Amino acid sequence: MTREELDRIAFDQPAFARLLGFRLISAEPDEVLAELSVTQDLSNRNGVMHGGAIMALADNIGGTATMINLPQGKTTTTLESKTNFLRPIRIGDTARARCVPLHKGRTTMVWQTTITRGDGKPAAIVTQTQVVIDWKE
1 MTREELDRIA
11 FDQPAFARLL
21 GFRLISAEPD
31 EVLAELSVTQ
41 DLSNRNGVMH
51 GGAIMALADN
61 IGGTATMINL
71 PQGKTTTTLE
81 SKTNFLRPIR
91 IGDTARARCV
101 PLHKGRTTMV
111 WQTTITRGDG
121 KPAAIVTQTQ
131 VVIDWKE
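With full-length UniProt numbering, the residue at position 39 of the sequence shown is 39, and numbering never jumps.
These are computed hints drawn from the structure, not numbers from a lab.
The model shown is predicted, which means the values in this text are computed figures rather than measured ones.
Certain hints may be false.
Calculated pairs, SDA-like style, for lysine to any residue (alpha carbon to alpha carbon, straight line, at most 25 Å) [what the hints assert, rightly or not]:
1. Lys74 - Lys121
2. Lys104 - Ser43
3. Lys136 - Gln112
4. Lys136 - Gly21
5. Lys104 - Glu4
6. Lys104 - Asp119
7. Lys136 - Thr77
8. Lys104 - Arg45
9. Lys74 - Gln112
10. Lys136 - Leu79
11. Lys104 - Met55
12. Lys82 - Arg45
13. Lys136 - Ser26
14. Lys121 - Leu6
15. Lys104 - Pro88
16. Lys121 - Ile9
17. Lys104 - Arg87
18. Lys136 - Arg45
19. Lys82 - Glu5
20. Lys74 - Arg45
Computed Cβ-Cβ distance ranges for the label pairs, DEER-style [claimed, not checked]:
21. Asn46 - Thr127: 36 to 44 Å
22. Arg3 - Asn46: 40 to 48 Å
23. Arg106 - Asn46: 40 to 48 Å
Beta carbons are placed, not taken as given, at the ideal position from N, Cα and C, and that holds for glycine.
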């Protein structure tokens, strides 16, 4: 895959990611970086980033990482996701996500996404499995 193709796939984010405010920073086959500003709309009643927003950030970056590693004619969907919440991320802070592969196979890919707060401390670690599928229209 050329750099141009990789960037086209990676930076062409779905509407849901744009709705959340997802910002892709960089995309390489073995590391994808993104960030998300924690706003009131993404918070829970305690004034911190909602767990669902954290999981959505991780799911999107893991899907992006898989998409840039797929062979021609394949697509992906999340098969499994596990999140460990370690620390809160307060409104006004920025969640930063770093996604790296644990396994890149023909039928599944497993990714680990570490989400950190502005102070650099980990707030969540997400492990997800993406299934590689043929796309039939």
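A quick look at each hint next to the structure:
1. Proposed proximity of Lys74 and Lys121 is contradicted: the alpha carbons are some 36 Å apart, above 25 Å.
2. Simply put, Lys104 and Ser43 have alpha-carbon atoms about 33 Å apart, too far for the 25 Å limit, and the pair is violated.
3. The suggested pairing of Lys136 with Gln112 is violated, with an alpha-carbon distance near 28 Å, which exceeds 25 Å.
4. The straight-line distance between the Cα atoms of Lys136 and Gly21 is roughly 30 Å, outside the 25 Å bound, and the hint therefore fails.
5. At most 25 Å may separate the alpha-carbon atoms for a hinted pair to count; Lys104 and Glu4 meet this at roughly 22 Å.
6. For the hint pairing Lys104 with Asp119, the CA-to-CA distance comes to about 31 Å; that exceeds 25 Å, so the pair is violated.
7. Between Lys136 and Thr77 the CA atoms are separated by roughly 14 Å; this keeps the pair inside 25 Å, and the hint holds.
8. Restraint check: the Cα-Cα separation between Lys104 and Arg45 comes to about 38 Å, which exceeds 25 Å; the hinted pair is violated.
9. Restraint check: the Cα-Cα separation between Lys74 and Gln112 comes to about 21 Å, which is no more than 25 Å; the hinted pair holds.
10. Distance check on the hinted pair: Lys136 and Leu79 sit about 18 Å apart at the alpha-carbon level, within 25 Å; holds.
11. A hinted pair counts as satisfied when its Cα atoms are at most 25 Å apart, and Lys104 with Met55 qualifies at roughly 21 Å.
12. Simply put, Lys82 and Arg45 have alpha-carbon atoms about 23 Å apart, close enough for the 25 Å limit, and the pair holds.
13. Of the supplied pair hints, the one linking Lys136 and Ser26 is violated, its CA atoms being roughly 30 Å apart against a limit of 25 Å.
14. The hinted pair formed by Lys121 and Leu6 fails the criterion: a straight-line CA distance of about 30 Å is larger than 25 Å.
15. Of the supplied pair hints, the one linking Lys104 and Pro88 is violated, its CA atoms being roughly 30 Å apart against a limit of 25 Å.
16. For the suggested pair Lys121 and Ile9, the alpha carbons sit about 30 Å apart, so the restraint of at most 25 Å is broken.
17. At most 25 Å may separate the alpha-carbon atoms for a hinted pair to count; Lys104 and Arg87 exceed this at roughly 29 Å.
18. Among the hinted pairs, Lys136 with Arg45 is inconsistent with the structure: their alpha-carbon atoms are about 42 Å apart, more than 25 Å.
19. A threshold of 25 Å between alpha carbons decides the hint, and for Lys82 with Glu5 the separation of about 30 Å lies outside it, so the pair is violated.
20. Between Lys74 and Arg45 the CA atoms are separated by roughly 40 Å; this puts the pair beyond 25 Å, and the hint is violated.
21. With their beta carbons about 25 Å apart, Asn46 and Thr127 fall outside the hinted range of 36 to 44 Å.
22. Between Arg3 and Asn46, the C-beta spacing of about 42 Å keeps the proposed range 40 to 48 Å intact.
23. Checked against the given bound of 40 to 48 Å, the beta carbons of Arg106 and Asn46, roughly 43 Å apart, stay inside it.
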